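Peer 1: Make the full structure from the sequences, and use the hints.
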Amino acid sequence: MNHFFVFLKKELLEYARTYKLLILLTVFIIFGITNPLIAKLTPDLLANFMPEGMTVTIPEPTALDSWAQFFKNTQQMGLIVLLLVFSGVLANEISKGTLINLLTKGLSRQAVIAAKYGAMLLVWSVSVGISALLTCIYTVYLFPGDPVSHLIFAVFCMWLFGAFLLAVLLAASALAKGNYGGLLLTGCIVVVLFSLNIIPGAAKYNPIALAARNMELAAGAAEPPALYPAAGITVLAVLALLGLALAVFRKKEL
Amino acid sequence: MDVLREYWLFLLPLIIAQFALMITALVHIFKHPTYRFGSRAMWIAIVVLFQMIGPIVYFVFGRGEDD
Amino acid sequence: MNILEISDLHMSFGSNQVLRGLNMAVPEHAIYGFVGRNGAGKTTTMKIVLGLLKAQSGSVTVCGEKVSYGSARTNRHIGYLPDVPEFYGYMRPREYLKLCGEITGLPAAEIKSRSAELLELVGLAGVNRRISGFSRGMKQRLGIAQALLNKPRLLICDEPTSALDPIGRRQVLEILSAIRGQTTVVFSTHILSDVERICDHIAVLEQGRLALAGTLSEIQKQHRRNSFRIRFAAEEEGRAFSQLAELDRPGIELELEGRELQIVSGDDSIGGQELIDLLSAQQIAPEKFEAMEPTLEDLFTEVVK
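Residue numbers (our numbering), protein chains in the order written: chain B, 1 to 254; chain C, 1 to 67; chain F, 1 to 305.
Source of the hints: derived by calculation from the structure; they are not laboratory data.
Bear in mind that the values here come from a model prediction, so they are computed numbers and not experimental data.
A couple of the hints might just be wrong.
[As the list claims (entries may be wrong)] Only some residues are given here: those of chain B computed to face chain F with a beta carbon under 7 angstroms:
id, residue
1, Lys10
2, Leu12
3, Arg17
4, Thr18
5, Lys96
6, Gly97
7, Thr98
8, Thr104
9, Lys105
10, Gly106
11, Leu107
[Stated by the list, open to error] A short, non-exhaustive set of chain B residues, derived as facing chain C with CB atoms under 8 angstroms:
id, residue
12, Val27
13, Ile33
14, Leu37
15, Leu84
16, Val85
For glycine and all other residues, C-beta sits at the position ideal for the given N, C-alpha and C.
Peer 2: Structure (structure tokens):
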């Protein structure tokens, strides 16, 4: 346990000094502010670009549009940036041999995997938390009184999906060779998950649902229990992936 | 201009965040002569021209070894 | 007491048999030069001692405790300096030592005092830069500091000087020399002058076994061959002298090059006094008469021939 915290501290220092923290926090802050703004300004912008004399009725934007932006941005750019930034977290140490020294001093490999996942999860949680908070504040300011349902659960689903991707990335980095091998493998796994939805009935259990159905929740079109199966599977998958990462990393010759 | 006056509460932090990212990247580029690939001029152009994306790409792919 | 004992160690990578029954004993407080050509198996041996590699057979004990693969238990007695130590470039030397100390489980106060002491020893006390800007020599010295942090009884260095320029090499050797008596040092190298400079014990690894082992003076004594060089005033004299019947014995090798004659006698078949007597009997006054000590390099090439 002690090793876990020692290494967690080292990881966080690394994120701060190698600009990982800066990138993620700024990107998610920018998203947090942009989301409501884009929602508010889109009709005006559209109107400006419309050819003269053409009248289109654009519905007044609501808080839901703002949250639609939040989920869209987080799901697309946000998660991509997250994976990009953390892609080398394990691979670099293996390829450079920085761990050998610490492992001979008795650092357990379990602590390495646990601390790396813990540190990434912490940064992801803070990032998505700040983004959601900013979106929330500005949405309330711009669209006061608009109803949004199951918001916390919808954000939680997005968070859980990010946590799942980080576990995929860690296991993939332990398995794959090279600095970008893990990232590539993660990409492949996501594609496979998307294609699994073709199978009838699979979508309900697919972790993808956690990042796809958030707006249904927010709009009240779906109730949280609809996502419980996917959430359950995802939690189990995270644990299994961490176990896999550890098993592979244990066998790895450094 | 109306947009600016109306939404400065949004635009100001947005601009600050974008600039913070850009300036940090530029400072790093000027302090470090070697990159994983590409030249100094290329990275400066990327960081200045592509808001947000430029600095991210630089820090993730272009930044040389270590700090 | 032997701080490190290796007995009958076998190890191969595929069909390449690297260690074939290696036996080795390192006495406490020795500075032990572990010599062998590149690829002889020096690094492999060290990794087995550290529990980073699994040997096929044989046993290793450190301070009387058996080393087992995958466990870092015996490593608490050992400080290890890899050939090219890799650090986190974004850390400062003090921060790295702190991380190492915390992993080893040293109390915070001790980490602090010990770090200061060691950074002083390796000449990095005033350096508060990030490690990414360090030269190889500085990294090697920081490597020694981190290896000594938990006051190990055994310090293992893998080719600590190979990648360094002459100044860096001298600094590293001086540091290793300075801890003589406090810590046992085993260091592998293929640079023999380094061994001559600081080691008191030497072992030569060849064909997966020790071809030579002992204290430096012992070995030099054992392998002392009487070797002389005589420079004559004229080539004629040299030729005549080298053809004397007294020198035509088994065990004596003669090599005449211009006015210089080199005489090597494997066993004690001829001594310096005898040669001088011979010279004066022939009424030859040489320009130069020299008795030569065998260098470690001669020994090494002889052993690994």
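Peer 1: Each of the hints needs a verdict: does it hold here or not?
Peer 2: Results for each hint:
1. Lys10: 6 angstroms, holds
2. Leu12: 12 angstroms, violated
3. Arg17: 4 angstroms, holds
4. Thr18: Result: holds, 6 angstroms to nearest chain F Cβ.
5. Lys96: Holds, because the Cβ-Cβ distance from Lys96(B) to chain F comes to roughly 5 angstroms (cut-off 7 angstroms).
6. Gly97: 5 angstroms, holds
7. Thr98: 5 angstroms, holds
8. Thr104: 5 angstroms, holds
9. Lys105: 5 angstroms, holds
10. Gly106: 4 angstroms, holds
11. Leu107: It holds, given that the least Cβ distance between Leu107(B) and chain F is near 5 angstroms, below 7 angstroms.
12. Val27: For Val27(B), the interface hint holds, since the closest Cβ of chain C sits about 7 angstroms away, which is under 8 angstroms.
13. Ile33: 5 angstroms, holds
14. Leu37: This interface hint holds because 5 angstroms falls under the 8 angstroms limit.
15. Leu84: Since the shortest Cβ distance to chain C is 5 angstroms, the answer is holds.
16. Val85: Result: holds, 6 angstroms to nearest chain C Cβ.
The structure does not agree with numbered hint 2 stated previously, though it agrees with all others.
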